[in-house]
Amino acid sequence: MNEPRIDGPRVEQLRYGIDRLMTRGRRVFGWGWIADPGRSIESLTLTLAGDGWRRTLPVTYGLARPDVEEAWPELAGAGTSGFVVTGYVEASPTRSIALEIRNAEDEVTAIDITAAAERAAIGGVRKLRSLGYLMRAVGRRLARGDLRGIAERAGAQNYGAASLDDASVLRALIARLDGDRRVAIVFDHNMGGGANVYRREVIASNVASGKEVLLCTFNFPTLDYRVEHFASSGAQGGIYRAGSYLALEQVIDVGAVDEILVNSPVSFDEPLAYAEWLAALRLAKPAMRLTIAVNDYFAICPSFVLLNAEGRYCGIPALSECARCLAAHRASWMALTPPSTIGPWRAIWGRCLGLADEVRCFSASSRELILRAWPALATSNVTVVPHRVDYAPRRLPSVDHAAPLTVAVVGQISVQKGAEIVRDLVRRADREQLPLKVVVIGALDLRVDSKRLEVTGRYERDDLVELVEAHHVNMALFPSICPETFSYVVEELMRLELPIVAFELGAPAERLRGYARARLCRETSADAALDAIVGFHRELADHVATVSAAESR
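Numbering-wise (our numbering), the sequence shown opens with residue 1029 and increments by one.
One or more of the hints may lead you astray.
DEER-style ranges, computed between Cβ atoms [to be verified]: (1) P1463 to E1579: 25 to 35 Å; (2) A1232 to R1147: 35 to 45 Å; (3) P1065 to S1124: 23 to 33 Å; (4) V1413 to P1366: 29 to 39 Å; (5) L1383 to T1075: 32 to 42 Å; (6) S1196 to L1347: 46 to 56 Å.
No lab work stands behind these hints: they were computed from the structure.
Glycine residues also receive a C-beta, built at the ideal position from the N, C-alpha and C atoms.
Working from the sequences, and respecting the hints, build out all of it.
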């Protein structure tokens, strides 16, 4: 493989690795790491070019890379040097790919990484390359004892899975489903979070009731689909590859499928074609139930978190404003969807929702937003079924409100989940030398250098009580800047009876209004959050002092 070409200032300082870069048709997906020990990296972009076209994709940078930190402990910023990129290009094939690095001084360095790209294709070459990659990844994880990572990586890729594009494999799957039992199909993304938690519950419930279940997800590392069979009998199911969700059409045609659940189609190829396909299926199969779950707002807008081009909650304005916004939107999550216009998007998804037997919301606030986007939808079909949260802590954490302020932020904190709020809050605390500490119990998708910030990394829910106590937490911040459709994290924090500060947005605010230990901020900003946190902590500390004084009399 040719060495990448590097152009720009300070090239001798850069250290990087391209773990994987895949192209398939118009889609691109890749991840790796990069660090400049001399200067702070402000942003990354990926520029791709082909015959007569050129496109620049945003890159999410600042992700946790403990493996890089372990391998190069002397490299400043190695622990948060990870990046990931995904998106669509104008046409295929791609002729050149460059990673562009902008530092704090606004200098740009370009690295030619064309040679690192793998093109998805059918045949033995792709399979051998994929297996080779998997073995290299397993080797790296074994070297640092990451057995969990090995299992997750192998389970997620399934490079050796049979393909449903092979007619004989598809016939064998249909034969396995043939019988008296009914079949449910679940479509979902595979990016984690509450949607994936819910789909696991749905699958378990269907299997327990005697149904066969097929789960169809999009698999980023190979830019194709995965279909997993969950057998009702308890027998071993199977995992299959597919070039498209359309591979399941023949399964549906044999008549065994009686329900389709669309949990979240974020990341699917050509989502408008997918919505049309669902609508056509519902008309052709009137006995088959179609349920669309509102785990996000993808049906309303490609910006499925309802943040506009300026990074603020949009409130679903007029379509003319939506059109202007989409044309200017450059957020990383927009790259999960091909460039689209809002008119056809809202019309086609609206038709699909209108034909569904149920549009299942998990909060009243989500239902309100769905009906704001499509006022003509039959309100009786737009339901509210809150998630069931089975978290019950063995005990409540011991919390000292009179102690110095330590704020917990729990979860995988991306930009839409409030990463910039956390960053700006910590920066202000540093500037003003405020006596507080912030502990992210989970991960933060931005690099923030501060002695006031600690990021624990991955955690288990059952360890929350011990983590809260170990870090002397006495306040929680839920910093999400988008209208969440539910939030398991908020429910868990409430069950720990922690004081919580959040923004007046979505389902979390809906539930926290009835929670005595909550304070909601009308303004979505780090300053508003910090002021509320400090004021709330002072209020709680004063209450402790008053009670203590009364008891000592």
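Here is how each hint holds up against the structure:
Checked against the given bound of 25 to 35 Å, the beta carbons of P1463 and E1579, roughly 26 Å apart, stay inside it. About 38 Å separates the C-beta atoms of A1232 and R1147, a value consistent with the hinted range of 35 to 45 Å. Separation of P1065 from S1124 is about 28 Å and conforms to the stated range, judged on CB atoms against 23 to 33 Å. Checked against the hint of 29 to 39 Å, the C-beta distance between V1413 and P1366 comes to roughly 31 Å, which is consistent with it.
Checked against the hint of 32 to 42 Å, the pair L1383 and T1075 passes, with Cβ atoms roughly 41 Å apart. As the Cβ distance of S1196 to L1347 is approximately 48 Å, the hint placing it in 46 to 56 Å holds.
Figure legend: structure checked against the earlier numbered hints; every hint is met.
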